[in-house]
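Protein chains in written order, with my numbering: chain C, 14 to 475; chain L, 14 to 475; chain F, 14 to 475; chain X, 14 to 475.
Honestly, I wouldn't trust all of these hints.
You can't tell identical chains apart in this list, so a pair holds if it fits in one copy or across any two.
Claimed, not checked - Derived pair list, reagent style SDA-like, types lysine to any residue, alpha-carbon separation capped at 25 Å: (1) K86 - R422; (2) K401 - Y384; (3) K337 - L363; (4) K401 - E106; (5) K86 - N136; (6) K401 - L363.
Hints in this document: simulated from the structure, not taken from any laboratory. Here the structure is a predicted model, which is why all the values come from computation and not from measurement.
Protein chains: 4
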Amino acid sequence: MSLWGGRFETPMDPAAWRLNTSLPFDQRLALQDVRGSMAWANALAQAGVLTAEEQGQIVAGLRIIEGEFREGKFVFSETDEDIHSAVERRLTELIGPLGGKLHSGRSRNDQVATDLRLWLLDNLPHLREALRAFQQTLVERAEQDLEVLLPGYTHWQRAQVITLGHWWLAHFWPLQRDRQRLAQLAERVAVLPLGSGALAGTPFAIDRHALAAELGFRLPAPNSLDAVADRDFVAEFLFCAALIGVHLSRLAEGVTLFTSAEFGFFELDDAFATGSSLMPQKKNPDLFELARGKSGALIGYLSGLLTTLKGLASAYDKDLQEDKPPLFAAFDALMSLLPPLQEALRTLRLHPERMREALEDALMATDLADYFVERGIPFRQAHTLVGKAMRLALERAQRLSQLSLDDYRSLLDTSHRLSLDESLYAVFDPRRSVARRNAWGGTSPQAVRAQLEQARQALNSL
Amino acid sequence: MSLWGGRFETPMDPAAWRLNTSLPFDQRLALQDVRGSMAWANALAQAGVLTAEEQGQIVAGLRIIEGEFREGKFVFSETDEDIHSAVERRLTELIGPLGGKLHSGRSRNDQVATDLRLWLLDNLPHLREALRAFQQTLVERAEQDLEVLLPGYTHWQRAQVITLGHWWLAHFWPLQRDRQRLAQLAERVAVLPLGSGALAGTPFAIDRHALAAELGFRLPAPNSLDAVADRDFVAEFLFCAALIGVHLSRLAEGVTLFTSAEFGFFELDDAFATGSSLMPQKKNPDLFELARGKSGALIGYLSGLLTTLKGLASAYDKDLQEDKPPLFAAFDALMSLLPPLQEALRTLRLHPERMREALEDALMATDLADYFVERGIPFRQAHTLVGKAMRLALERAQRLSQLSLDDYRSLLDTSHRLSLDESLYAVFDPRRSVARRNAWGGTSPQAVRAQLEQARQALNSL
Amino acid sequence: MSLWGGRFETPMDPAAWRLNTSLPFDQRLALQDVRGSMAWANALAQAGVLTAEEQGQIVAGLRIIEGEFREGKFVFSETDEDIHSAVERRLTELIGPLGGKLHSGRSRNDQVATDLRLWLLDNLPHLREALRAFQQTLVERAEQDLEVLLPGYTHWQRAQVITLGHWWLAHFWPLQRDRQRLAQLAERVAVLPLGSGALAGTPFAIDRHALAAELGFRLPAPNSLDAVADRDFVAEFLFCAALIGVHLSRLAEGVTLFTSAEFGFFELDDAFATGSSLMPQKKNPDLFELARGKSGALIGYLSGLLTTLKGLASAYDKDLQEDKPPLFAAFDALMSLLPPLQEALRTLRLHPERMREALEDALMATDLADYFVERGIPFRQAHTLVGKAMRLALERAQRLSQLSLDDYRSLLDTSHRLSLDESLYAVFDPRRSVARRNAWGGTSPQAVRAQLEQARQALNSL
Amino acid sequence: MSLWGGRFETPMDPAAWRLNTSLPFDQRLALQDVRGSMAWANALAQAGVLTAEEQGQIVAGLRIIEGEFREGKFVFSETDEDIHSAVERRLTELIGPLGGKLHSGRSRNDQVATDLRLWLLDNLPHLREALRAFQQTLVERAEQDLEVLLPGYTHWQRAQVITLGHWWLAHFWPLQRDRQRLAQLAERVAVLPLGSGALAGTPFAIDRHALAAELGFRLPAPNSLDAVADRDFVAEFLFCAALIGVHLSRLAEGVTLFTSAEFGFFELDDAFATGSSLMPQKKNPDLFELARGKSGALIGYLSGLLTTLKGLASAYDKDLQEDKPPLFAAFDALMSLLPPLQEALRTLRLHPERMREALEDALMATDLADYFVERGIPFRQAHTLVGKAMRLALERAQRLSQLSLDDYRSLLDTSHRLSLDESLYAVFDPRRSVARRNAWGGTSPQAVRAQLEQARQALNSL
């Protein structure tokens, strides 16, 4: 049943109908639609538009419908244009023409905006919890791998020694920012459109503050035109989702490379790896590649929706119907990714010996420069000096620790001809290198322990 | 059945499996997968890897599977990882272990790239035909509305008089460019990956040129690494789709505004308009708004896929699995839009009287300036002169044609004190105004007739 | 001067240098770089790495450099790779080799992240103030135009009567959400990377909490790897900018159409409109079109940066250098748009008579339906009834108020044959229609006055 | 000098002016603007609008202006709104009021579209040549490194042995597709807008075919409305640029990883690498990271412009002014990337010994499966069998070639108890492995030689 036949001479063209109907995706809002309708019936009764008896019958009918949805027994009709039409149609089947009173002073414009916000308010906690659980695993890995040393990279070149605990936590904090953003978003979602009518407000004496409270919103939307047009919250959710996707893609790239033969630091559990239909030896990190790949789609959903919103100036334009597919797709993508990725990380095996092998002397080049700094050479000259030592070592196919004190002396300016001694070689101890980076936020085990404390607090703070 | 059990100790984690499986969307490639497999069986036989009898049994099994797909009787198993696994699993059920010979020298990497190209080659003609049919309607409208005059706009300000036929054809040519791009794309799609193996080529003596010919491709891909990694054709399709979306959005914006009460030039047939659940008088151009809105999603699919492809450097990365959802979604969006929009345009009613009312004198201001140009005044001065006349008219709340010759004389420099006469007022005839714009590509009915001829040729040229 | 010569045998290739240098855009960070360097010198002194005298000389040198930047007298050298190199080079020119001590325990990785956050902390207030000023103008317009009636639109079809004050405020609230997001972003920007070194932390006993306080940050970044890699704040800024762009585009589309001849509701002051080089009569809303057009670029900056960030897994990758151009471009675009648009709105002239003319009876169709609802007819039937009345009126080329009571009676079911009377025709009074929409957030003047009060509070709340 | 003062009472507000002016970026079209103006003067003369003498004076004036631009002596005025206004202003300074005749029958709408197309036609060859030169280097590397063996990867897991020549050519073909697309784009660019006036066509008897020929266009645009509104060619260029960016990003990711310590296959020449300000040992592949990073911006330009174009329905909207910044930025990005990247590849040093070390037995697992296939075991069983062998080898920390024949026998089903012999171990020869992949497009040196021949032809074909 379409809700608007009266003015029209002919029914809709079938192809036009198929294009126009939103039921294939908005039926996901069924429970929210019913819940919102119950609250509206109550509000209409309070405003004197429905009698107590009418209210009772309508709410009873809606409860039946709610049950049908919950039990998967609701039968859609080919003539249902959208979830709102389906619910009103069914209500009228159940309680007769009285069902037609429910839509008084309400429009699908404020109704769908309310449904979608309700849906997001219902579902954001699931995403936030999935993120929290994921972070929990990162914290556990960090605790467990706190003292494991491996090379840190910049530009994918070995840079300085780090602890693996520090590396895991480097992926914790971005997700913490994500959860914080989602928490702030939730506040903005919890603004109620219902009672805005089609665009100009409702003509009945609806107490919108009470209505908001009943439905779990913080407050009613302050402007009816804005209320039916506003999809900022969808855009903001898609931004949050895209950024979560980016964060997962960065972690995924790291895991993908660390499980390669060349790095060999990590090994996936068989339950979280896949094979090849052709190459029997292959063990592939497909899950992580999918995380990386899906970040593209997530970014696309965001730019797609922003583009859809651009230039819409009439309070409600049908273009807004295009808000739901990307919202649902982004939500589903993240919810399908987070749990298996989390479990894959939890069950990951380490190859610390491969990490140890990778801790070549050059990773301590900055420590060596610092050694000279501590002896009074300005850092910039110390840097140049170690750079030259590095070149010398490369030419001789030696390691930095294999250069003699005389080699080092020969590289010093006469002005800095220090009395070098064997203490220099202590810089090549990777444990010493990480231990030195002990300021707040650094990679030393001690600093990481403090960071872990922070992380645990952060985990429970949102 | 997964195709790669041997090396693994444990089966996949269920959540990981759900994330990993592509069957929910790649089953759309079923017929292409079977077709490609038949051709591969033939190629293996030619290369001596299969006997003629083996080939016969395999092809016969595949024909049964093809039939099952066509009749909707194919039963997927929960253990089918993707369409390729499903087909091989079913083949082995039908013909026994011999089914396991089909995958010799082939990988899902070259197989899925082949399937997807086949699918696009099968389906591009449908899109091109839908576009052609849409253009045909624009041509018919242009013929029918050839001499209808209306204001042309720039910046949504009335600019100069145009013919409606010209306006319709302004929306024809962008789609012609789209069809041309799709035709050129089809050439690039028709390059065969099959025979590239996982990445390094096939070790059997496959005649890939013959294989390409059998499957309707122009030629085999020249490099196996590129062949399995290349999704340029998907990106290019999504670009074409996004640009078609933009073109439809521009037309849609125009129709939306022309059907507003303020313009009132167009009226949609009831079969292609929708009403409001609240406001009984409403008749909304939802279809056109959906076209405009969906252009956002189409742009998002494109930027999403390009982002997914960015930085992939290993010949085949699982990220590439994310190519299919946007491809199918973009294709479906266009195929759902084009026919009803076309029909909505075909059945559109005009309100020529509203267009006529809108043909105010100011639309002929350029003609008036040209009038002075023809009398020797440089255009720039003529422009200034008419601008001042316009200001004078606005101050007096008059039309340009209501200014007297003395008014006009007063605005001329003494150096240009021409002997003006009543012939000046002829410029305010809208028919004269359009007739003057008679150079190639202009809006005069005569020029539009020539343009229509070109359009008809273009329609049949691709 | 490059900061890293020692290890290299040959200087950089000139074309490679040009590609690599970031000076053309990062010189915009000059003052922030100097400020951060002063704080770092202080921190090094506190940590005992510099003596008080060294600290004094370095800070004095930096003050000179700061002065040179402020006065536009700083001379860049062709060999300056970036702003950091330029400052260190100049410092060494001014104070000798001691300048080379400044970079102890610091890296350009934490330095540039700090500079960029400082820049944003310095500049976000300008943007927030520009938005606030813009909102202030919207509030003033709303006060001034509070009781002006015009049609409200959905789908660009006339829907219901609204007040212009309500319309202005519909554009106020989106910007309020934008400002709120920017305020929350500022908290996330104010997390200090400095002291994170290249990736692993600084080896000196830097008090990063003190350093953060000195530079006006809330707290030091908790993880050095994350600190140098994190560009979430740039992405979030670009999202905020894109959404502001979308909001401006929606307002701009509205103004563009309302200034068209067809609507004729608004007229731009000459100082905020442009003309045509060809058509003397034209007065175009270019500024608003530019706002709408630039929203595209803003969305592009966002998706571009997110794409750049995708898949980066090594703590610092040079890709991150691409963060600054879109950040600066987005900021500049908004700062160039907001003031002239604001002034254009402030100086806008209204044509209330055109708005009044547009208030046709059909805008009150919902009020008419409500009339029947109040007489006990369920809304859905009332809707159908008015829809039929609308069709009847269209057939007769009449207005709804021109239908007789008998006409209306004839459309009622026998069951609802009410005793209709002349009170029906009161629904066609537009003032009554807006007055009825008096619930919180509605368009009635009384409700808008309450909304204005809220808006004024919101204006001062952030 | 603005070109449209007459109708306006007040000059433009300064902030509005700054927002509105396009001179900062469109001055790049100076030479094209002059060239187009000369052709227009000739066309006006042919149409009888200018006398031969007027034509001569105008063209002479334009030649002077052209010289001023070429020599960098043209002086812009603060009142120049855009490049078109600047040229007309200067022309009038040079030749007096006659300069004002040039704009007869022309508009900035058709003028700027013409200028931009001319600019692209002038500059596309430079980009195509830069791509061709880049491809040439890939061909040379492929020739040089034809027989160098290294692991091929999928999912960044070692997959099968390949030749480095094959790898280089895998990056050749994507660029060949890019050049092909650019060539096809050039055809679409070469459609002339000039003579379309503001939107409705020109009222003078301009021979637009002759005009097109004079300016080097294929043909005049067939529809004046479309001609001034069409920016498809900019979008298509930006798509081509984005895809080139993606291709470079994929190559760049490969080079970045191959130059890491863990892979160690490639070493950049010092002239194409950069160091660290902090870590003296670092040698970073910044150029390649910038290529990867800039692909984000390029994708952003594309989605930005498409978004700008979406929904524009009036023939010319000022939004279109936003077409130039992304076009120029994308072009410049590619032209800054291609030459140094090309040279970096040309001068790259190989470490074949590191590649050789990486050729572990597991890379021949498919060859081993094929060995069983050749002995009659269906591929799927052979795959499982080798998978089990792989697991066995991993458990024993052995290589596949270290498993005994009895080990292999034990894994065979009784039904397949073949008489295995030592010939099995031949499969572990990497040279044999690549030589087997000899079908068209495969990695065998012989096949790559044939591919090189194709590549050389392709290089010269466009």
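Next on the checklist: Let me make sure I understand: some of the numbered hints might not hold for this structure. Which ones are they, in numerical order?
Outcome noted: 1, 3
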